[in-house]
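Chains as they are written, first to last, in this note's numbering: chain A, 1 to 230; chain B, 1 to 404.
These aren't lab readings, by the way, just hints derived from the structure by calculation. We put the CB at the ideal spot given by N, CA and C, even for glycine. Any given hint might turn out to be false.
[Said to hold, decoys possible] Among the chain B residues that face chain A by a calculated CB cut under 7 Å, a handful are:
#1 F2
#2 V44
#3 Q49
#4 G96
#5 G137
#6 G139
#7 E311
#8 I314
#9 G319
#10 I398
#11 E399
#12 A400
[Unchecked claim] Computed far set for chain A versus chain B, every beta-carbon distance over 10 Å:
#13 T9
#14 V19
#15 N31
#16 P40
#17 G61
#18 V99
#19 L107
#20 P108
#21 G131
#22 Q147
#23 N189
#24 P202
#25 R210
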Amino acid sequence: MGITLKEITKCYKIGEETVAALAGVSLEIKNGEFVAIMGPSGSGKSTMMNILGCLDRPTSGSYLLEEQEVATLTDDELAKTRNKRIGFVFQNFNLLSRVSAWENVALPLVYAGIAEKERLNRAAVILESVGLASRKQHMPNELSGGQRQRVAIARALINEPSIIMADEPTGNLDSRSSVDIMRIFGDLNEQGKTIILVTHEPDIAQSAKRVITVRDGLIISDEVKEQYHV
Amino acid sequence: MFKESIAIALRALLANKLRSILTMLGIIIGVGAVISMVSIGMGVKEKVQNSIASLGSNMLIVTPGAASSQGVRSASGSSITLSLEDAEYIKKTVQGIDYVAPSVSKQYQIIAGNQNWTTTVYGITPEYMAIKSLTVGSGSFVSQQDINSRNRVAVLGATVAENLFGEMNPTGENVRINNTPYLVVGVLDSKGQSSMGQDQDDIVLVPLTTAQERLVGITYLNSISIQVTKMEGMDQAQEQITSLLRQRHKISGTKEDDFTVRNLTSIMAMMTETTGTITLLLGSIGAISLLVGGIGIMNIMMVSVTERTREIGIRKALGATYRDIMLQFLIESVVIGVLGGVFGIFLGIVAAFAISTFGGLNTVISAVSILVPFGFSIAVGLFFGIYPARKAALLDPIEALRYE
């Protein structure tokens with residue numbers, strides 16, 4: 001179960017040259033882990049995140065997600081996989097600006113083919129769990145950064161995925177909100193969700209139980225923190 | 001999913017009201033132009049059709065065929081098989097016909113006082129008036145009562161009246177036809193010359209039964225005129241009449257008809273072609289503006305897709321498939337087409353009404369001339385929406401999410 005990457009490479013063609021953003025990455029993440037992926041910009045961590053998040057396909061290698069090979073899926077199959085198994089939290093929130101927080105949260109359920117009434121009911125419950133029950137009708141631009149990110153987390157959770165992908169989730173937040181958001185991730189991990197956090201801030205990576213460092217398309221270190229060793 | 005896509009599309013259109021309306025305007029003007037232009041074309045067609053109908057273009061004329069005796073064939077019309085019962089039977093059984101007017105005719109010298117005039121006397125029924133578009137200037141026309149009692153009454157054509165009575169009103173006077181007195185009950189309004197150069201006012205009309213039994217002394221008819229309700233029904237009516245008469249006259253197999261059914265299709269064909277060309281010309285002017293409106297839709301949809309690249313990226317990241325995105329944008333452009341079409345119909349009807357009221361042109365609006373442009377507006381929305389929608393649906397989610 002969980003995630004298994006085997007010899008994943010991802011190459012881009014820039015003009016005549018072929019650049020390998022990932023040069024053979026093998027990795028295993030079990031269910032319920034809280035992993036931080038670190039690395040400077042250009043290290044390949046975003047590419048890794050895209051592949052882990054089923055937004056992109058590797059050039060070669062194998063990616064088993066919940067024991068299903070996803071490296072060879074079509075675009076639409078990948079879309080369905082994202083919808084069902086993965087919740088995204090982005091640095092810049094990526095909420096739809098023209099619809100309310102409530103409907104933003106319910107959006108993944110639209111693509112899961114769930115009826116409107118149930119969508120809104122479920123979204124209300126999730127919004128309450130992130131402490132935004134009173135902000136349901138607000139538009140994203142009426143919310144603070146921390147509140148927006150909580151809406152985004154609620155949206156990531158609504159279809160009950162096993163994995164939450166967070167790409168620099170605190171990058172646009174002040175330190176107090178950052179602490180709040182990281183606490184939510186911690187709580188979610190306690191509840192058994194797999195959290196994969198991409199960041200370049202060591203402070204943020206500290207909240208994770210396992211830190212993977214990437215450089216030049218390769219994993220250069222993979223350490224599980226002492227207190228979490230079994 | 002379809003329901004959601006409509007909701008998403010409507011919301012997007014409402015978010016950019018002015019832009020949506022301006023885009024729609026292209027379709028509104030296009031549909032309005034097609035409807036009003038075609039209404040003018042059809043108005044012209046109707047007018048021409050009416051004036052040609054008065055010449056008898058929607059008329060079928062049944063005449064007796066040539067009698068033949070031992071291989072010797074006489075002149076056409078010499079057969080004596082066409083009867084009043086045939087005419088009545090046609091009226092009863094053939095569908096899509098308005099009037100059936102049986103008639104007999106023969107030339108006689110007409111005498112009134114010291115004047116005389118030789119002309120054709122027609123034995124007719126009251127339906128003859130409608131079928132030939134005749135109007136009575138003074139007095140009355142031949143009535144059913146006259147037919148039933150074989151009255152010796154006559155209705156004079158304008159030329160005959162003038163030659164026999166000059167300035168005097170002949171109504172109530174007597175004329176002698178074949179040395180028998182007839183009471184003049186009415187005078188026809190002048191119809192002028194026919195398209196063949198015949199003086200249509202040089203006639204005298206008497207009741208059919210009077211003519212058959214008291215004047216000419218025959219039991220058959222010289223012709224049956226049949227007015228068909230619709231031009232389109234001409235061929236069908238002609239066929240029905242032919243088979244009916246063959247049956248009644250007991251003509252079977254390949255034996256030749258003892259009658260002829262003629263029509264004035266050449267005039268009709270010419271008219272249809274001319275007015276068809278006019279309608280086509282006017283309609284295509286409108287169609288071009290509809291096309292331009294469609295390009296407007298495509299233009300705005302392209303802008304909209306670019307503008308909402310990020311939204312598309314978000315939707316795709318959250319699980320929207322190719323079909324979901326395609327549907328969302330396609331419905332948006334179809335909604336523009338549909339709404340534009342609806343408003344365009346109103347504009348077109350108002351314009352057609354204004355043209356006929358203030359422009360003095362005859363305009364005709366039919367269900368087809370509304371529904372076809374409406375259908376086209378939807379098709380235009382669909383067609384010109386495909387490319388932008390496809391572009392949106394094919395966006396790479398990573399690129400789209402990164403788009404600023």
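Q: Let me know if the C-beta of G139 of chain B comes in closer than 7 Å to any C-beta of chain A, holds or violated.
A: violated, 78 Å
Q | Non-interface label on Q147 of chain A, tested against every C-beta of chain B at 10 Å | A | At roughly 18 Å from the nearest Cβ of chain B, Q147 of chain A sits farther out than 10 Å, so the non-interface label holds.
Q. Beyond 10 Å from every Cβ of chain B: is that where the Cβ of V19 of chain A lies?
A. holds, 16 Å
Q | Hint check: 7 Å Cβ-Cβ cutoff, F2 of chain B to chain A | A | Violated. Min distance 11 Å.
Q. Since N189 of chain A was said not to touch the interface, does its Cβ keep a gap of more than 10 Å from each Cβ of chain B?
A. At roughly 22 Å from the nearest Cβ of chain B, N189 of chain A sits farther out than 10 Å, so the non-interface label holds.
Q) Hey, does P40 of chain A actually stay past 10 Å from chain B on C-beta? A) holds, 18 Å
Q. Regarding the hint that A400 of chain B lies at the interface with chain A, is the smallest CB-CB distance below 7 Å?
A. With a closest approach of 10 Å, the A400 of chain B hint is violated.
Q: Under 7 Å, Cβ to Cβ, is where I398 of chain B needs to be relative to chain A, so tell me if that hint holds or is violated.
A: holds, 5 Å
Q.
Just to be careful: measuring from the Cβ of G137 of chain B to every Cβ in chain A, is the smallest value less than 7 Å?
A. violated, 75 Å
Q: Report holds or violated for the interface hint on G96 of chain B, using the least CB-CB distance to chain A and a cut-off of 7 Å.
A: violated, 54 Å
Q: Return the status of the interface hint for I314 of chain B: holds when the least beta-carbon distance to chain A is below 7 Å, violated otherwise.
A: holds, 5 Å
**Q.** Non-interface claim for L107 of chain A versus chain B (Cβ beyond 10 Å)
**A.** violated, 6 Å
Taken one by one, the earlier hints fail for this structure at numbers 1, 2, 3, 4, 5, 6, 11, 12, 18, 19 and 20, listed in ascending order.
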